[in-house]
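Novice: Here are the chains, one letter per residue:
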Amino acid sequence: MANFDVVIVGAGPGGYPAAIRAAQLGASVALIEKEAAGGTCLNWGCIPSKTLIATAEAYHRLRAIPGLHSCSPTLDYAALVEHKNGVVKKLQSGVQQLLKANGVRSISGTASFTSRNRLAVTGSETIEAGHTILATGCTSLVPSFLPAHERIVDSRAFLDRVDLPKRLIILGGGIIGCEFACMAANLGAEVTIVEMLDDILLTLDPEIRATLRDHMEKAIGITVMTGAPLDEVSANNSCVQGNVGDKTIEGDLLIVAVGRAPATGKLGLEHAGIATDESGFITVDDFGMTSAATVYAIGDVNGRTQLAHAATSQGITVAENIVRKERTRMETLIPAAVFTSPEIGVVGLTEEEAAATGIDVLTGKFAFAGLGKAIAVGETVGFVKWVADKATDRLLGAHVIGAHATDLIAEAAVAIRSELTLEEIGRTVHSHPTLSEAWMEAAHAAHGTAIHAPPSRGK
Amino acid sequence: MGQMIIMPKLGQTVEESTIVTWRKNEGERIAKGDIIFEIETDKAVLEVESFYEGTLLKVFVQAGETVPVSVPVAFVGTPGDEIPDPSAGAPKPRPAPTPLSNPPSSSSPAPAPQPPATTETASAPKLSDPQPRKTTDSPERQAISPRARALVRRMAIDAANIKGTGLTNRIVEADVLEYLRTSRYDELRVTPAAVRLASREGIDVLALPPPPPGERIRVSDVERALEERPQKLSRMRQVIAARLTQSYTTTPHFFVTVGVDMTDLIALRTEHKANGGTYTVTDFILQSVVLCLKDFPALNSRTDGESVEWSSTVNLGVAVSLDEGLVVPVAHRAGDMTMAQLNERVRELVGKAREGSLKPDEMKGSSFTVSNMGMLDVENFTAIINPGESGILAVSSTRETPAVIDGEICARSIMKITLSSDHRLVDGATAAKFANAIKSKLEDMDLWQTLM
Numbered sequence: 002m003a004n005f006d007v008v009i010v011g012a013g014p015g016g017y018p019a020a021i022r023a024a025q026l027g028a029s030v031a032l033i034e035k036e037a038a039g040g041t042c043l044n045w046g047c048i049p050s051k052t053l054i055a056t057a058e059a060y061h062r063l064r065a066i067p068g069l070h071s072c073s074p075t076l077d078y079a080a081l082v083e084h085k086n087g088v089v090k091k092l093q094s095g096v097q098q099l100l101k102a103n104g105v106r107s108i109s110g111t112a113s114f115t116s117r118n119r120l121a122v123t124g125s126e127t128i129e130a131g132h133t134i135l136a137t138g139c140t141s142l143v144p145s146f147l148p149a150h151e152r153i154v155d156s157r158a159f160l161d162r163v164d165l166p167k168r169l170i171i172l173g174g175g176i177i178g179c180e181f182a183c184m185a186a187n188l189g190a191e192v193t194i195v196e197m198l199d200d201i202l203l204t205l206d207p208e209i210r211a212t213l214r215d216h217m218e219k220a221i222g223i224t225v226m227t228g229a230p231l232d233e234v235s236a237n238n239s240c241v242q243g244n245v246g247d248k249t250i251e252g253d254l255l256i257v258a259v260g261r262a263p264a265t266g267k268l269g270l271e272h273a274g275i276a277t278d279e280s281g282f283i284t285v286d287d288f289g290m291t292s293a294a295t296v297y298a299i300g301d302v303n304g305r306t307q308l309a310h311a312a313t314s315q316g317i318t319v320a321e322n323i324v325r326k327e328r329t330r331m332e333t334l335i336p337a338a339v340f341t342s343p344e345i346g347v348v349g350l351t352e353e354e355a356a357a358t359g360i361d362v363l364t365g366k367f368a369f370a371g372l373g374k375a376i377a378v379g380e381t382v383g384f385v386k387w388v389a390d391k392a393t394d395r396l397l398g399a400h401v402i403g404a405h406a407t408d409l410i411a412e413a414a415v416a417i418r419s420e421l422t423l424e425e426i427g428r429t430v431h432s433h434p435t436l437s438e439a440w441m442e443a444a445h446a447a448h449g450t451a452i453h454a455p456p457s458r459g460k
Numbered sequence: 027m028g029q030m031i032i033m034p035k036l037g038q039t040v041e042e043s044t045i046v047t048w049r050k051n052e053g054e055r056i057a058k059g060d061i062i063f064e065i066e067t068d069k070a071v072l073e074v075e076s077f078y079e080g081t082l083l084k085v086f087v088q089a090g091e092t093v094p095v096s097v098p099v100a101f102v103g104t105p106g107d108e109i110p111d112p113s114a115g116a117p118k119p120r121p122a123p124t125p126l127s128n129p130p131s132s133s134s135p136a137p138a139p140q141p142p143a144t145t146e147t148a149s150a151p152k153l154s155d156p157q158p159r160k161t162t163d164s165p166e167r168q169a170i171s172p173r174a175r176a177l178v179r180r181m182a183i184d185a186a187n188i189k190g191t192g193l194t195n196r197i198v199e200a201d202v203l204e205y206l207r208t209s210r211y212d213e214l215r216v217t218p219a220a221v222r223l224a225s226r227e228g229i230d231v232l233a234l235p236p237p238p239p240g241e242r243i244r245v246s247d248v249e250r251a252l253e254e255r256p257q258k259l260s261r262m263r264q265v266i267a268a269r270l271t272q273s274y275t276t277t278p279h280f281f282v283t284v285g286v287d288m289t290d291l292i293a294l295r296t297e298h299k300a301n302g303g304t305y306t307v308t309d310f311i312l313q314s315v316v317l318c319l320k321d322f323p324a325l326n327s328r329t330d331g332e333s334v335e336w337s338s339t340v341n342l343g344v345a346v347s348l349d350e351g352l353v354v355p356v357a358h359r360a361g362d363m364t365m366a367q368l369n370e371r372v373r374e375l376v377g378k379a380r381e382g383s384l385k386p387d388e389m390k391g392s393s394f395t396v397s398n399m400g401m402l403d404v405e406n407f408t409a410i411i412n413p414g415e416s417g418i419l420a421v422s423s424t425r426e427t428p429a430v431i432d433g434e435i436c437a438r439s440i441m442k443i444t445l446s447s448d449h450r451l452v453d454g455a456t457a458a459k460f461a462n463a464i465k466s467k468l469e470d471m472d473l474w475q476t477l478m
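Taken in order, these protein sequences are the chains called S and L. Position in the first sequence counted from 1, then plus 1, gives you this note's numbering. Position in the second sequence counted from 1, then plus 26, gives you this note's numbering.
If you're looking for bench data, these hints aren't it; they were derived computationally from the structure. Idealized CB from N, CA, C, for every residue including glycine. It is possible that some hints are incorrect.
Stated by the list, open to error - Distance condition first, Cα-Cα at most 25 Å in a straight line; then the derived SDA-like pairs of lysine to any residue:
#1 326/S <-> 83/L
#2 374/S <-> 429/S
#3 366/S <-> 208/S
#4 326/S <-> 240/L
#5 90/S <-> 157/S
#6 391/S <-> 83/L
#7 459/L <-> 405/L
#8 391/S <-> 230/L
#9 35/L <-> 184/L
#10 391/S <-> 54/L
#11 391/S <-> 58/L
#12 391/S <-> 251/L
#13 35/S <-> 269/S
#14 391/S <-> 225/L
#15 391/S <-> 349/L
#16 326/S <-> 244/L
#17 391/S <-> 242/L
#18 326/S <-> 237/L
#19 391/S <-> 244/L
#20 90/S <-> 79/S
#21 320/L <-> 301/L
#22 258/L <-> 349/L
#23 326/S <-> 242/L
#24 58/L <-> 83/L
#25 391/S <-> 254/L
#26 267/S <-> 157/S
#27 385/L <-> 366/L
#28 391/S <-> 180/L
#29 320/L <-> 300/L
What the hints assert, rightly or not - Between beta-carbon pairs, the in silico distance windows are:
#30 429/S <-> 88/L: 37 to 47 Å
#31 325/S <-> 179/L: 34 to 44 Å
#32 215/L <-> 353/S: 30 to 40 Å
Stated by the list, open to error - Every beta carbon over 12 Å from chain S, so not counted as near; a handful from chain L, in silico:
#33 36
#34 106
#35 193
#36 199
#37 245
#38 260
#39 274
#40 279
Construct the entire structure; sequences and hints are all you get.
Specialist: Pasting the structure below:
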C-alpha cells in the first residue's frame, strides 16, 4: 500500500498550494483529483469568468471613450470562449508542472475514507495517509423546484456554452449572479436578476450596494427584481419562463446562482469520524483541524469563507501546521473581490458589523468624482470608505466600489492586517495621479481634513 | 441661596463612604425625593435622596471617590448662584439626606466588634481630609511637564519609570527622550493601532511581553494586558477580604466534625411537608443550634484575647451566598423565639438578602453563625469564624452512606457538620460536646414532636 505523509483530496486553489507547500517542507505528498487541476476557480469559476468579464468591460467601454470616434467593435462570442479555454488550459498546465517540479504525486480518481488514515481511490490503489487535507470545495446548489432542462443551467454549465443567449434570467443576486449579469449585459444581452431577499449582495455595505444597483439598472440596463421568489418555472424549446410576484418573465436561458453546497458526498466522512455542521460543511477549529485529529479541511468545504484566496491561505497554513508541527491560526481577514460593473472590493468589518460589536465607529469616505485621475480616465463612479475605531483610530474595514476596486482593496488589506490607523494611511504618501489616492483622502476625510473634498457641515 | 449636599452618615460606625454613581448630572433639575447618587459603605450600597429642590450646579466628589462623612459632595441651587468653596464648610448645616430603606445591594459577612460610641451627630463637618481620595490607589502624582506628559502618553509608556532632572526633579521632555533611548524604545516592534490602544488605556508597551521573533506587539496583546490588569476589588469583596483575613490570622481556629444521621428527621420533614408544613431541613438545624448555644455560653461569646464578652441572647447569623459575595443577615434574639417565629424571621431575612434589601442593622450583631452548603453537594468543609464570634457551624450535604446499626450495615442519610471554634475561648472537649449536642438534637424525634 502506498504511504504518504500528507494526502490532499482536491486540487483546487486550496489543495494544490497545500500540496506544494507540504512538499517544499520535505513531506511526501499525494494529491487526489477527480477532474482537472485548479479546481472550480481555475476551470469553472474565477479565471474563466474573469476572462469573459475583461472582454465584456472593454466592449462596453469602447463605445464611450473620449476622443475615439466610429469605434464600434463586433462581438465574436465563440472566439472569446475559445480564448477563455486557452487561458484555462495554460494555467492548468502551469499548475501541473509546478506540482511535478515539487515532487507531488498526482493521482486521478475519487477518494473516500475507509478509516481515519486510509483512503480508497477509484481506479487506483488504497492510500495510507499520515495526515489528510480535505479540499474538495463545493458545487452549485440547484433547488428542486426547478425542472431539468437545457435552458436551466448553473454557472459551470453556462461557462461551457459557446453562445451568449439574447435574453438571460439569473436566479440569485449574490456575487456569482451579479458578476454574470454585468458581464452578459455589457456584451449586449438583456438580463433580469431575480433575488428573493430584499436586495442584491445583502452582506455588503448599504451604500456600496446602492451604488452598484443604480449602475446596473441605469447604466447597463439590467432589470433587478428583489424581495420576491421566482416560481412556476417552466422551459420548452423556445424559452424559459417563471413568475416573480404577479409578473411573468421570459428568457432564453436561466442561470441558477442561489448558493453553493459542500462537496463531501463521496468522501465517506463517517468512516473517519469527521463531523459536519447542519449545512453539511466540515467543522474545523481555528487551525483547520476536523474532529478527526489527523484530518484537516480547507477552503469552501469547511464553510468558513467561500473564496479561492481564503482556501489558498488556509491550505498553506494547514500544510505548515502539519509538517512543521506548528499551531498557527488560519487567517481571518479575507478581502473579497467582486467583478461586477463597477467592481467592488471589501475587507474587514462593515460599519454595521463594527457598531454591532459595541465599537464607536468612525468612517471616512471619498468619492472618485473628486479625484483627478478618475476624472481624467472617465471612471468617476464609486467611492472608497474606511471603517475605523474612533477611540484608537484603528482601521477595521475598507470598502471600495469603482474602477479597479478589486486591485485597490489590496492596500486596505495590508493596512488592516498591520493594525494601521487612519492617521498612518493619511500620512502615507500615495503617488499622483492614481486611484489609490482615494484611500489617503478618505482617511483624511474621517478626521475632517480632506484636501479634495469640501468640509462636511456640522464639524 | 443654594444648598450643599453632604456625604450622609449611614450608621454608627461608618466613617467614610464611596460614591458609586451619580444618578443626576451637573445642570440637571432635582426634585425633593429624587435619588441623586449611590454610595457604598463597608456594609452596603445605598441610594441617597435629595431633601432639596433646584439644579445640580456642581459635583465636588466624582464617582469612585471616597470621602469622610459630612464632607460636601455637591451643590444644589438655581443657575447663576455662586458656587461656594466646599472646603469652607457647608453653609447652613442641615440634616443630612437619609438613604432610602431599600438599598440596591448589600454586603459583608458580619460586623466587627463595635468601638466605644463616639461623640455624635451634630458635630461640625470634619474637613481634615478635604481632598477626595481616589479608591483606585494611584501612586504619588509625579511632577511632569505638559510636553513630557504628552510624549509619555503618545508613546504609551509609564512615567513612573522615568527619572526627572528638571527643577525639583520634575520630568521634562528631555528625560522622556533619554528614557526612550536607554530603554531601546525604537527597537520595540508594535503595530500603530496597538500603540494607540495602549496609550488610551494607560498600558506601558515596554512592560508587555516581547513578541516572538519576526512578530510585533498587536492589538490582541494589548487587549490581553488590559484583561489581565489588576482590577480593584469591589468594596464588598474588600470588606470580606479584610474581615476574613483578620479572623483567620488572629483567631486560633480548630475544627471538629461529626456525622449526623438525618434519616429520621428527613422522614419527619417529608411527612410535615406533605401535610402542608413549611419547615425546611435548615430550620431544624438552626433551631438545634439555637437550643445548644444556650447550654454552651463559650460559643455564644467573643474575646479580644484579654476579656470575654458573653451575649445573653442568641443572635443567629445565617450565611447567604449571592453572586457578588456572601452576606450574613442576623436573626436577633433568636434564643427568645419559637421555632415557628425563627422560621418566619429567617425566611424573611434570606428573601431580603437575595433581593438586596437588607438594612445595615439586619447585618450586624450576630453572636454565632451557620453556613449551610448542603445544596452544593459537598462531603465536608470548614468555615472561617466571623469576627466578633467564637464559632461557626459548617453544614454539608446529606448523603446516603453505609452505617452500622446494631452490628448491621445499612444505608442511612448522613450529614456532616463541622464546627470552627476560637480556641482561646473554646476547648476541644467543649467543641466536641457542642457538636454532639447538635447531632443529638437533630436525631431526637421526640424533641421535634414537641417543638413543631
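Novice: Hint by hint, note whether the structure agrees.
Specialist: Status of each hint after checking the structure:
1. 326/S <-> 83/L: Not satisfied, since the Cα-Cα distance of roughly 65 Å exceeds 25 Å.
2. 374/S <-> 429/S: 18 Å, holds
3. 366/S <-> 208/S: 11 Å, holds
4. 326/S <-> 240/L: Roughly 19 Å between the alpha carbons, so the hint for residue 326/S and residue 240/L holds.
5. 90/S <-> 157/S: With Cα atoms ~16 Å apart, residue 90/S and residue 157/S stay inside 25 Å; holds.
6. 391/S <-> 83/L: With a Cα-Cα distance of about 31 Å, the restraint between residue 391/S and residue 83/L is violated, given a limit of 25 Å.
7. 459/L <-> 405/L: Measuring from Cα to Cα gives roughly 22 Å; hence the hint holds.
8. 391/S <-> 230/L: 21 Å, holds
9. 35/L <-> 184/L: Violated, at roughly 39 Å.
10. 391/S <-> 54/L: 28 Å, violated
11. 391/S <-> 58/L: Between residue 391/S and residue 58/L the Cα gap is close to 40 Å, so the pair fails against 25 Å, i.e. violated.
12. 391/S <-> 251/L: 21 Å, holds
13. 35/S <-> 269/S: Answer holds: residue 35/S to residue 269/S is near 15 Å, not above 25 Å.
14. 391/S <-> 225/L: 14 Å, holds
15. 391/S <-> 349/L: 34 Å, violated
16. 326/S <-> 244/L: 24 Å, holds
17. 391/S <-> 242/L: 23 Å, holds
18. 326/S <-> 237/L: Holds: residue 326/S and residue 237/L sit about 20 Å apart, inside 25 Å.
19. 391/S <-> 244/L: Answer holds: residue 391/S to residue 244/L is near 18 Å, not above 25 Å.
20. 90/S <-> 79/S: 16 Å, holds
21. 320/L <-> 301/L: 31 Å, violated
22. 258/L <-> 349/L: 17 Å, holds
23. 326/S <-> 242/L: Roughly 22 Å separates the two Cα atoms, so the pair holds.
24. 58/L <-> 83/L: Holds, at about 15 Å.
25. 391/S <-> 254/L: Judged against 25 Å, a Cα distance of about 24 Å means the pair holds.
26. 267/S <-> 157/S: Distance ~20 Å between residue 267/S and residue 157/S Cα, so the pair holds.
27. 385/L <-> 366/L: Distance ~23 Å between residue 385/L and residue 366/L Cα, so the pair holds.
28. 391/S <-> 180/L: 16 Å, holds
29. 320/L <-> 300/L: Not satisfied, since the Cα-Cα distance of roughly 32 Å exceeds 25 Å.
30. 429/S <-> 88/L: 37 to 47 Å: 41 Å, holds
31. 325/S <-> 179/L: 34 to 44 Å: 41 Å Cβ-Cβ, so the 34 to 44 Å window holds.
32. 215/L <-> 353/S: 30 to 40 Å: With a Cβ separation near 33 Å, residue 215/L and residue 353/S satisfy 30 to 40 Å, so the hint holds.
33. 36: Non-interface label on residue 36/L holds, nearest chain S Cβ at 36 Å vs cutoff 12 Å.
34. 106: 30 Å, holds
35. 193: 34 Å, holds
36. 199: 21 Å, holds
37. 245: Given that some Cβ of chain S is not farther than 12 Å from that of residue 245/L, nearest at about 5 Å, it is violated.
38. 260: Holds, since 23 Å exceeds 12 Å.
39. 274: 41 Å, holds
40. 279: 47 Å, holds
This entry does not satisfy hints 1, 6, 9, 10, 11, 15, 21, 29, 37, going by the numbered hints stated previously.
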